[in-house]
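Engineer: Starting from the known structure of chain A, arrange chain B on it as the hints suggest.
Residues per chain are reported as follows:
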Amino acid sequence: MEFAELIKTPRVDGVVLHRPFMPTVEGTLCLTGHHLILSSRQDNTEELWLLHSNIDSIEKRFVGSLGHITVKCKDLRMIQLEITGMEECLNIASSIEALSTLDSVSLMYPFFYRPMFEVIEDGWNSFLPQNAFKDLESMTDEWRLSEVNKDFSLCPSYPPLVAVPKDVDDETLKKVATFRHGGRFPVLSYYHKKNGMVMMRAGQPLTGTNGRRCKEDEKLINATLRPGKRGYIIDTRAINVAQQAKARGGGFELEANYPQWRRIHKAIERYNVLQESLIKLVEACNDQSHSMDRWLSKLEASNWQTNVKEILTTACLAAQCIDREGASVLVHGTEGTDSTLQVTSLAQIILDPGCRTIKGFQSLVEREWLQAGHPFQQRCAQSAFSNSKPRYEAPVFLLFLDCVWQILRQFPCSFEFNESFLVLLFEHAYASQFGTFLGNSAAERARLCLPEKTVSLWSWVNRPQELERLTNPLYEPNSLVIWPSVAPQSLLLWEGVFLRWNRSSKCLDEAYEEMVHIIEYNKELQTKVNSLRRQLAQLETEDPLLHTP
Amino acid sequence: MEHIRLPKVENVKLLDRISHRRRRVGTLYLTATHTIFVESEAGVRNETWVLHSLVCSVDKLAATPSGCPLLIHCKNFQVLHFIISKEQECHDIHLSLQRLSQPESYDELYCFAYKPNVDEKARRQEWDFLDLKADYSRMGLPNSLWKLSPVNQHYKVSDTYPADLFVPESATPPVIVGSSKFRSRGRFPALSYYCKDNHAAICRSSQPLSGFSARCLEDEQMLEAILRSNPRSDFMYVVDTRPKLNAIANRAAGKGYENEDNYSNIKFQFVGIENIHVMRNSQQKMLEVCELRSPSMSDFLEGLESSGWLKHIKAVLDAGIFIAKAVAEEGASVLVHCSDGWDRTSQVCSVACVLLDPYYRTLRGFMVLIEKDWVSFGHRFSHRCKHLVGDPKEVSPIIDQLLECVWQLMEQFPCAFEFNERFLIAIHNHIYSCQFGNFIGNNQRERIGLRVHERTHSLWSYLWANRTDYTNPLYRPNHSQTQGLLRASTSPYSFKFWKGLYNRFDHGMHPRQSVEDYLRAIQEETQQLEEQLTSHTQKISQLEQEQECSDSCKATTFDKSPTIWAPGNNLGLANTPQDYTGGFITSSPCQPKGPDSILLPKSTNQISDASFSNGSDQESGIADLSCRSPLSEDSTRDPDSDEAAYSAA
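Top line first, the protein sequences correspond to chains A and B.
Just so you know, the first sequence maps onto residues 115 to 663 in our numbering.
Just so you know, the second sequence maps onto residues 7 to 655 in our numbering.
Quick caveat, the hints were computed from the structure, so don't treat them as lab data.
Among the hints, erroneous ones may be present.
[What the hints assert, rightly or not] With a straight-line Cα cutoff of 20 angstroms, these simulated EDC-like cross-link-like pairs (lysine to aspartate or glutamate) come out: (1) A:Lys-642 <-> B:Glu-536; (2) A:Lys-642 <-> B:Glu-377; (3) B:Lys-505 <-> A:Glu-609.
Small disclaimer: the values here were computed from a predicted structure and weren't measured.
Chain A with its partners taken away, still in its complex shape (with noise of 0.2 angstroms):
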């Protein structure tokens, strides 16, 4: 398919740009494959450069022949366009919208985007697994590295190569594979340096309405408790939730079958309620009017930090059987690629300080989301403004980034990264030049050559005029478990997200400047007053006679 024959007119003049505290632009309106560009053709005004997968929906109506375009996006922002010319405005609302819902994958930007930095560092090759493992087996060897998934053929979500206890072999895990949903059998998260107690994670067990067991799957997670120590799973469904999934083939871990576990439920919510959540938060910051009873009503009502709390709550929770109870963690939903993501991934910020670096966060999103087969493409596809109905949408990864933001709030100086990576990530998430985000799986990253045929976001990202801007000027590293507070007045709206686009953020960017002021200058005067005490040693050792009175 030849993108021309989606554009029904590729330009149009005289288009005038709305944009919310920016100045109005008007200017030539292009229509490219994969953006859409305004430029107004002078040196000095911004133009607009939006990539059509951004687009969330567009919106069309006309005051006499002036059509009035508001294209809303998936990063939350809400433009105007307005187009002289009844046809013109048409046609290009309908180009936009064939354009921002291209079904193939392979037509989507990163396959045609080519950097125009030097990749200093190839980001598909950062944070391989084999490399991760080495770190894991310099601290024990009770893991190894099993590649009865080569092929993708026994768990379809999972990587390659997967971290299992070194007693199990891969005939155990072909049986225990069948016994989890999607073929998710228990695999190794995160291993506690501290106390040696370790994170799995998996799909729900499918024990079905007449309890199903499996041996080999009790032998798997049994391999990983230390003598007479208990162990908890944490599953996070409600309990009826759990309850209700047996009769659908799945379930969960019968206290008979797992003696040694205590099984814990939380109630995180599922996708589609979480879609409506991001869809209801939205709406309420986009709402004009001025009652505060209508704010507060519609952002309780919204429930996002109902579900923020939860899923840090839960969190917590895992971070606390492994780090003060000296526990071992299962954790699982129904899946296991979605709730089940964020509380592994939420605890090991909480409990592993290398997680809190750039690169550590970055390595963890690998691991814990995209290795891990969180699958982006399907829950990303559409955000807050899609006018289609949900279908596997949802904003687990967004809420994901929001639990980190909370952390970082309250622990202002044990994060290297800033609020602009988080940000980052979420755009990036839904719409991209790099081909990082694409795809559900690992299989079906390796199925589509992403590595060979895109630009991964971290060789974007690991350049240092990008880490300067993302790095938090107030880090001083702290090797110590982190534990946030839940309380709702703890939990703020993450604005930095769901406000940017709404309220100018000049005075708080002017704030983040003069601490960064603050802070540099303090460290160029320790370099001038380091380099003046060499000095002074140096004359005051050259000539001794001035040592003489």
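Structural biologist: Just chain B now, kept in the frame of chain A:
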């Protein structure tokens, strides 16, 4: 002392508010001024001090097998939950505290007993620290348009007004007195703020006694005079801060509001701030929400909404913005009033001043502002803050709302204020604590009668002495945010819940690391570095000069420049030879902070602040959410589950 039935009780338990499982055991002491709880755990000397004047209510709950619970609510939002093993002891403590926390006369107040180690001369100087006349002259007054009027000397015209007041140059004493007779409590229109750039002024008064049709020529002349003292404007605003319905209801009582037909060139406007009773109930409801044990997000947000608190804060801020814009953008003068003109009027005038004038966003300026619009203009502090036992219907958190409006603005404009959140909280604490004389009584006349300036200490000089604790590290006087009118957003989402004040003592809820403290430490270090830079540079040039001198002696060509020897010479370092990085600074700016240092000033010499010393449950500055196996089987809810332990819910 006669009110203390029992000075000491042993084996008392102090429960953690969030998690009742966490408790401390110790001894409870009652002194003339404080309740003191000393933890008896071996090795730790952990004390909690609560000033009797900060106690809002003492409740004895039904006895339980473990003992008799005693619940103390404080005006600074601290809540203490004691368990006293013997019911009789609990009863005695309860009765003693009830009496001690409800003084019947001013002389019982703590400020008259508070005697820090300060000599009399220094104490008198404390009261000279702020001078309202200096603020009026900063505004450019008196001038040809406004004069200082002696009309209220000895409080003859209005006993709740200050003695010194600025009025329009053309306002004669008969006009003022006539106008005062037409206003509730004689509170005639007087100047609150004058903008010297455009001559627009903010004046304040109480409501007119207009009833359904009454007029007063002098009052009309008074407003005319105010209008004429702003030569560039041909109209003025009259802002009634009450909801229209309330104002109309007042007409039946012979009070009311200005009729636009009777006053020339006024624009009349209601802004709809609710009365003191609504505000009291609203805060009470909000505090109940704050005190919920492990509330869900919905409990909290629904409770916050139904309390209406943020709606009221928004109303006050909206009114302040209206006035500030009228002054700054339209160049129009404004007369503000409510009913008596000492509650809503004080709030709105102060908010407008903070928005308009960067001076009021400095430490000293904000103190002046409270002294001007609140203390001198007769906000009834002792009634509103229940300093003495009295009519509970007079109590209302009007000053809390001002402090919160300023806090909301600080959140929007982080570089615009010289002071920080701690400063507002310290002011709040001491408005209620009665430790200082500033807020005792209900107006200037009462304070003079109480000889407050002779007998007590002033909060302002105390705050000033500790100003390093109260300074915002992001503030720069020449920053663009610091200049001119603050254009605040009043979209509902711009308002936040102020947990720093209302959940002040729930340490676990606050950020565990403070950016502000970090930056302050950096700035202190920077200052040291600057000093070192100067001294090193001097030393180097000295050494070089001497070397050069010895060199030039050999070469016999020298051009001795005397300026090099001048002390404090320029720091322009043209010749820094090497660049050695690597820190030699020993003090790391990010030392683990205790919970107290995050929010509260170092308790150096004050007594009442000693209650901040309860923080042993810390693990290197990070809160302990230790879990004593509250994890319940299969989500069956543990009825006594520990919220902070994230247990199944």
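Engineer: Now tell me, hint by hint, if it's right for this structure.
Structural biologist: Hint-by-hint comparison with the structure:
1. A:Lys-642 <-> B:Glu-536: Distance ~10 angstroms between Lys-642 (chain A) and Glu-536 (chain B) Cα, so the pair holds.
2. A:Lys-642 <-> B:Glu-377: violated (45 angstroms)
3. B:Lys-505 <-> A:Glu-609: Holds, at about 17 angstroms.
In this structure, only the earlier hint numbered 2 is contradicted, and the remaining ones agree with it.
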